[in-house]
Amino acid sequence: MEKLKKKIGSFSFWNWVIASIIFRLILIYFPKNLNLSSRPEVSTPLTSFRRLAEGYWLKQSSMSSYAGSMYHGSPLLLSLLGPLTVKRIEGQPNHLLYSLVSVIADVVSAMLIRATGQNLRLAYLRSLESLDLVKQIDVSEFLFSGDIAALIYLCNPFTIVACVGLSTSPIENMAVILCLYGACSRLIPLAAFGWVIATHLSLYPAILIIPVIFLLGCGPDSPPRKLFLQRHQQKEVLNQSKLPPGFSWGPIIHFAFWAFLWSVYVLVLCGISLKQFGGLWEMFKSTYGFILTVEDLSPNIGVLWYFFAEVFEFFRNFFLIVFHVNILFMILPLAIRLRHRPCYLAFVYVAICSMLKSYPSVGDSALYLGLLGWFVNELADMQFSLFLFCGYVGVSLLSPVMHNLWIWRGTGNANFYFTTAMVYACLQIVLVVEGISAVLNHDRKLRILITGKPQDAKS
Amino acid sequence: MVLLQRPHILLLLIGTHQFLQCWIAFGSVNEEGQKQEEFSEELLLKPLPDHKLLAHFHFQSSGPPSTSNGCHHHLFPKAISQLVQKFRIKEMELSFTKGRWNYESWGGFDPLSSSNAKPPGVELWAVFDVPQHHIDASWKNLTHTLSGLFCASINFLESTATYSTPEWSFPPASGNVRYGTLPCEAVCTENLTPWLKLLPCRDKAGIALLLDRPSLYRGFYHSQQLHLTSTGSSSEGIDSGIILEQTLTVVLQPNSEMAIEVHASEKHIQPSWSLSSIFGKQVSGRCVLAKPSSVYLLLDRGLSAANGLTSENFWSNPSFELSANPDRIFLEESSSHSKSLSILYMFQVEKYCESEPFDIGLMWKVPVAWLCQQTPLHASRFLMGSGNERAAIAISLKSTQFTEGFMSANSKDGSCELRVDVFQVVPWYVKVYFHSLRVFVDQQPRAVSDIIEKIHVSPSKDKMSPGVMEVVLKLPCRVNTAALTIEFDKGFLRIDEYLPDANQGFDIPSAIISFPNFHASMVFLEDDSLNKSPLLSKFQEKCPVMSYTEVLLVPLTTPDFSMPYNVITITCTVFALYFGSLLNVLQRRVAEEERFLKAKAAKKTGRLPLLLSKLSAKLRGRRLEPLHSPPSSSSFINSKLVLKVILVAGLAVGWQYFFS
Numbered sequence: 001m002e003k004l005k006k007k008i009g010s011f012s013f014w015n016w017v018i019a020s021i022i023f024r025l026i027l028i029y030f031p032k033n034l035n036l037s038s039r040p041e042v043s044t045p046l047t048s049f050r051r052l053a054e055g056y057w058l059k060q061s062s063m064s065s066y067a068g069s070m071y072h073g074s075p076l077l078l079s080l081l082g083p084l085t086v087k088r089i090e091g092q093p094n095h096l097l098y099s100l101v102s103v104i105a106d107v108v109s110a111m112l113i114r115a116t117g118q119n120l121r122l123a124y125l126r127s128l129e130s131l132d133l134v135k136q137i138d139v140s141e142f143l144f145s146g147d148i149a150a151l152i153y154l155c156n157p158f159t160i161v162a163c164v165g166l167s168t169s170p171i172e173n174m175a176v177i178l179c180l181y182g183a184c185s186r187l188i189p190l191a192a193f194g195w196v197i198a199t200h201l202s203l204y205p206a207i208l209i210i211p212v213i214f215l216l217g218c219g220p221d222s223p224p225r226k227l228f229l230q231r232h233q234q235k236e237v238l239n240q241s242k243l244p245p246g247f248s249w250g251p252i253i254h255f256a257f258w259a260f261l262w263s264v265y266v267l268v269l270c271g272i273s274l275k276q277f278g279g280l281w282e283m284f285k286s287t288y289g290f291i292l293t294v295e296d297l298s299p300n301i302g303v304l305w306y307f308f309a310e311v312f313e314f315f316r317n318f319f320l321i322v323f324h325v326n327i328l329f330m331i332l333p334l335a336i337r338l339r340h341r342p343c344y345l346a347f348v349y350v351a352i353c354s355m356l357k358s359y360p361s362v363g364d365s366a367l368y369l370g371l372l373g374w375f376v377n378e379l380a381d382m383q384f385s386l387f388l389f390c391g392y393v394g395v396s397l398l399s400p401v402m403h404n405l406w407i408w409r410g411t412g413n414a415n416f417y418f419t420t421a422m423v424y425a426c427l428q429i430v431l432v433v434e435g436i437s438a439v440l441n442h443d444r445k446l447r448i449l450i451t452g453k454p455q456d457a458k459s
Numbered sequence: 001m002v003l004l005q006r007p008h009i010l011l012l013l014i015g016t017h018q019f020l021q022c023w024i025a026f027g028s029v030n031e032e033g034q035k036q037e038e039f040s041e042e043l044l045l046k047p048l049p050d051h052k053l054l055a056h057f058h059f060q061s062s063g064p065p066s067t068s069n070g071c072h073h074h075l076f077p078k079a080i081s082q083l084v085q086k087f088r089i090k091e092m093e094l095s096f097t098k099g100r101w102n103y104e105s106w107g108g109f110d111p112l113s114s115s116n117a118k119p120p121g122v123e124l125w126a127v128f129d130v131p132q133h134h135i136d137a138s139w140k141n142l143t144h145t146l147s148g149l150f151c152a153s154i155n156f157l158e159s160t161a162t163y164s165t166p167e168w169s170f171p172p173a174s175g176n177v178r179y180g181t182l183p184c185e186a187v188c189t190e191n192l193t194p195w196l197k198l199l200p201c202r203d204k205a206g207i208a209l210l211l212d213r214p215s216l217y218r219g220f221y222h223s224q225q226l227h228l229t230s231t232g233s234s235s236e237g238i239d240s241g242i243i244l245e246q247t248l249t250v251v252l253q254p255n256s257e258m259a260i261e262v263h264a265s266e267k268h269i270q271p272s273w274s275l276s277s278i279f280g281k282q283v284s285g286r287c288v289l290a291k292p293s294s295v296y297l298l299l300d301r302g303l304s305a306a307n308g309l310t311s312e313n314f315w316s317n318p319s320f321e322l323s324a325n326p327d328r329i330f331l332e333e334s335s336s337h338s339k340s341l342s343i344l345y346m347f348q349v350e351k352y353c354e355s356e357p358f359d360i361g362l363m364w365k366v367p368v369a370w371l372c373q374q375t376p377l378h379a380s381r382f383l384m385g386s387g388n389e390r391a392a393i394a395i396s397l398k399s400t401q402f403t404e405g406f407m408s409a410n411s412k413d414g415s416c417e418l419r420v421d422v423f424q425v426v427p428w429y430v431k432v433y434f435h436s437l438r439v440f441v442d443q444q445p446r447a448v449s450d451i452i453e454k455i456h457v458s459p460s461k462d463k464m465s466p467g468v469m470e471v472v473l474k475l476p477c478r479v480n481t482a483a484l485t486i487e488f489d490k491g492f493l494r495i496d497e498y499l500p501d502a503n504q505g506f507d508i509p510s511a512i513i514s515f516p517n518f519h520a521s522m523v524f525l526e527d528d529s530l531n532k533s534p535l536l537s538k539f540q541e542k543c544p545v546m547s548y549t550e551v552l553l554v555p556l557t558t559p560d561f562s563m564p565y566n567v568i569t570i571t572c573t574v575f576a577l578y579f580g581s582l583l584n585v586l587q588r589r590v591a592e593e594e595r596f597l598k599a600k601a602a603k604k605t606g607r608l609p610l611l612l613s614k615l616s617a618k619l620r621g622r623r624l625e626p627l628h629s630p631p632s633s634s635s636f637i638n639s640k641l642v643l644k645v646i647l648v649a650g651l652a653v654g655w656q657y658f659f660s
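These protein sequence lines map, in sequence, to chains A and B.
Here the first sequence stands for residues 1 to 459, numbered as in UniProt numbering.
Here the second sequence stands for residues 1 to 660, numbered as in UniProt numbering.
Treat the hints as calculated values from the structure; they're not laboratory data.
Be careful, since some hints might not be right.
Claimed, not checked - To give an idea of the interface, some chain B residues facing chain A are shown, with a C-beta separation under 8 Å as derived from the structure: (1) R390; (2) K431; (3) F434; (4) D450; (5) I452; (6) E453; (7) V457; (8) K461; (9) F492; (10) I495; (11) V567; (12) F575; (13) Y578; (14) L583; (15) V585; (16) L586.
Beta carbons are placed, not taken as given, at the ideal position from N, Cα and C, and that holds for glycine.
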């Protein structure tokens with residue numbers, strides 16, 4: 001029975017994958033990419049395809065690609081993807097090669113998500129087994145979270161739009177997923193590579209180092225370690241082999257070494273490509289500096305652009321610090337509370353970053369929505385899920401309408417569009433908060449199953 | 001050339017010692033001894049094809065080198081000489097313009113239009129004689145000084161986002177040049193008054209008497225310029241002082257009543273005019289300080305051809321009548337590519353006095369129609385696209401009748417090319433994508449590398465520097481139309497960066513289209529008296545043919561100006577919601593369970609232990625220890641608690657000590 005189910009599941013999985021790829025290819029063949037590449041939701045100053053092409057043009061005309069304030073991406077991306085912005089095949093859409101690269105990046109990300117999800121599921125089942133909870137929880141009802149996450153990632157309209165809209169976020173997302181995959185399957189050089197590249201491309205994934213350390217130190221998500229100890233205390237038998245491994249520093253040092261190696265490598269490559277144009281300092285100033293100082297005030301789905309357009313110059317620096325510190329302040333409490341679930345911690349960090357980052361795009365949302373699929377079993381009784389779903393649908397329908405009213409027709413004003421951005425931010429806040437509380441409840445449920453009473457709230 | 005110049009100089013030296021043109025007399029300064037300050041006033045009138053009249057006032061003062069004269073001046077304005085000395089200006093031009101020069105009907109190929117047609121608003125460029133790293137500082141000071149001198153907001157050109165450094169396509173460029181424009185500057189009489197103050201006779205005598213404000217500002221085009229040339233350079237040793245040229249070009253509509261009286265039936269007859277009818281004033285003698293002081297009437301090539309004027313019959317012509325007899329008539333030197341010649345009638349104001357004021361009038365007898373000489377290509381610029389997100393600038397070049405003539409003249413050698421330089425400055429909030437540059441020749445898209453010979457781009461930096469594009473186009477001579485398009489994104493500004501009337505839009509300064517293969521000059525038949533006139537000798541210089549395109553008005557999206565506080569408070573509320581609810585969810589259930597445990601424990605134990613445990617729980621911020629817990633661990637935690645209390649107390653004491 002279970003085998004059959006699995007068979008059906010995997011069969012339809014590949015069907016869905018192929019269908020989503022074909023759907024992307026169909027969209028690519030639409031003229032002018034349906035104008036998606038200039039939508040504010042898709043292309044931010046950091047991920048815009050046109051800016052990439054402009055940077056490549058500047059580079060080709062032997063100027064610094066950071067001359068002017070057009071391009072703010074990485075010089076490596078420019079060297080790799082730049083040539084694809086001008087290469088044309090007769091009779092084919094203009095940016096076919098670039099679109100194909102995005103599609104491939106999406107598929108690879110989805111496969112990595114699937115592999116990681118399967119990994120997580122196995123780890124979860126193993127930990128349930130060692131807690132002897134297999135009887136209480138019906139394991140056969142467990143969904144294949146890897147398949148689900150991969151399908152969510154592939155079929156999410158946000159991902160499709162980001163891919164067809166020629167933004168660079170599929171590549172950035174792939175780097176993040178590569179990092180998590182490497183950490184889950186203990187491929188330390190790969191994890192370090194993913195982390196360094198993701199940080200290099202968009203700065204915010206730098207905080208993923210904390211979940212990666214937990215992943216490498218104590219393995220993938222499992223119920224709190226204390227539960228195992230309690231379980232064994234109850235049974236009065238301490239079976240060391242069934243205990244999850246304790247925190248080990250070996251892989252972390254290994255990771256640090258590799259991360260150092262990769263970052264030196266990346267910096268040397270960047271330094272070579274920017275040798276005659278001000279070097280690395282110029283790069284940091286126009287990539288990380290641009291991200292942190294929110295210089296570009298063009299509308300996007302975040303909340304910072306309008307705030308900094310309206311706030312008084314005198315307070316600008318103060319609020320810059322406050323908003324960035326908002327991300328940093330939550331790192332520690334979350335890390336303490338969710339340290340036994342590093343992958344979930346990574347999801348929360350990614351979600352928070354995509355909510356509070358200076359130039360968010362739907363590509364970032366696509367990433368955390370995809371990662372959310374890993375935790376379908378844990379989040380099974382999350383509250384407000386229908387409300388959130390409807391909210392996401394509503395915002396993604398209303399936001400282009402409001403943008404059109406404001407920018408193109410001139411009948412609405414900026415507040416209309418900003419309202420949808422605020423609603424979107426609120427939805428993300430609700431998602432993160434409810435998600436965290438659902439996972440904590442899930443842990444609590446396991447504890448109750450073991451001990452039979454609410455006790456030992458501190459995990 | 002040398003042979004030609006020699007007798008020229010000799011003639012000057014022997015003939016008089018009244019006049020010496022500074023730039024001709026480079027070699028003869030020393031022999032001449034003490035140079036004098038000179039001032040000349042001239043007015044040139046030119047009928048335009050579309051029933052209008054162009055009046056071009058030209059005042060030139062030259063100051064001797066400062067070393068020979070100290071800082072005392074008789075005629076030369078002191079403010080200007082101090083300006084030149086302070087900022088070490090080699091060359092500078094400031095123009096205030098209202099209205100747009102109509103290249104199609106007023107011509108663009110003669111020296112008059114190529115040097116006096118200016119973009120609307122203020123245009124300033126300056127060449128400095130200072131080391132490269134001091135130029136920007138000099139420019140900033142210069143803008144502030146000029147702003148004070150001319151009662152204009154030239155000081156807005158101070159910020160680096162408004163001025164640019166043309167490399168090679170700006171014709172007067174020679175290295176250390178800075179160029180800035182203020183397209184939306186309103187030009188009015190408050191700018192004219194300080195300009196007139198630089199003249200020795202102000203507007204109280206001489207030709208400047210004609211500058212009647214209402215009639216000037218009623219015109220279709222009004223451009224007031226100040227051009228400074230200083231050859232004072234310590235390194236070269238040759239020092240001929242400063243030359244200050246002040247020109248005022250107006251295009252006026254003569255009152256056509258006189259014409260209607262004479263030829264009521266003829267609709268197309270040119271209006272007759274006189275100085276008194278267009279300016280409402282007459283010239284009552286010259287400014288006594290001015291030598292020479294003369295008025296010219298210029299009939300350009302097209303007009304003289306239409307009138308059937310040739311070198312034989314220009315004294316007596318049937319089509320019009322002059323109210324005063326010209327003192328001299330100059331004929332243009334015949335050139336290769338046009339048969340007809342311009343004719344210049346000269347009137348000397350010196351002969352007239354208060355009782356017999358000078359008033360020249362022109363009465364047309366028969367209708368004439370002619371065309372002015374046009375630039376090789378007529379340039380215009382427009383915006384494409386709709387909406388406030390992105391758009392495209394298009395510069396279109398259309399061939400004029402000139403090109404056809406040029407083409408037929410050059411068609412013998414098969415491949416002939418027309419070189420066009422385009423200089424375009426865009427403000428930073430117009431974010432140009434240079435990779436989207438497209439070239440269309442005769443409506444066919446062409447590869448950029450085929451047409452563009454050279455391109456120099458300096459992309460705009462947000463709030464730092466404007467975008468500059470300099471392009472050299474090589475067009476085939478038979479081109480009918482050519483167009484350049486380039487896409488841009490409209491920037492979004494902070495609320496305090498918008499101009500007071502934000503919904504009006506922002507101006508993109510004119511592009512400069514120049515034709516380096518062509519030079520506009522008007523060489524009149526050799527006559528020594530021509531050299532006395534700075535205006536005519538300026539005509540004889542080869543000046544590059546250039547034209548300015550229209551100023552573009554780009555509407556930018558505006559945020560809501562009325563509610564910054566709402567935005568700030570609502571955004572901060574969302575952030576507080578995020579922070580608060582997340583922290584809450586991270587520790588909420590703990591408290592709930594603690595209460596549950598407390599309630600459980602309260603049932604079991606008495607009052608005092610409960611109180612104690614409550615206190616300790618509060619201090620530790622931890623769950624209550626079950627009473628039956630092993631005492632060893634309890635004591636251990638207690639010692640920890642004591643340590644904590646001591647630490648907090650120590651901190652408090654330290655705090656007190658530090659702040660008292």
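* Compare the structure with the hints numbered earlier in the document and write down the numbers of the violated ones, lowest to highest. => Hints 4, 5, 6 are the ones this structure does not satisfy, whereas the remaining hints hold.
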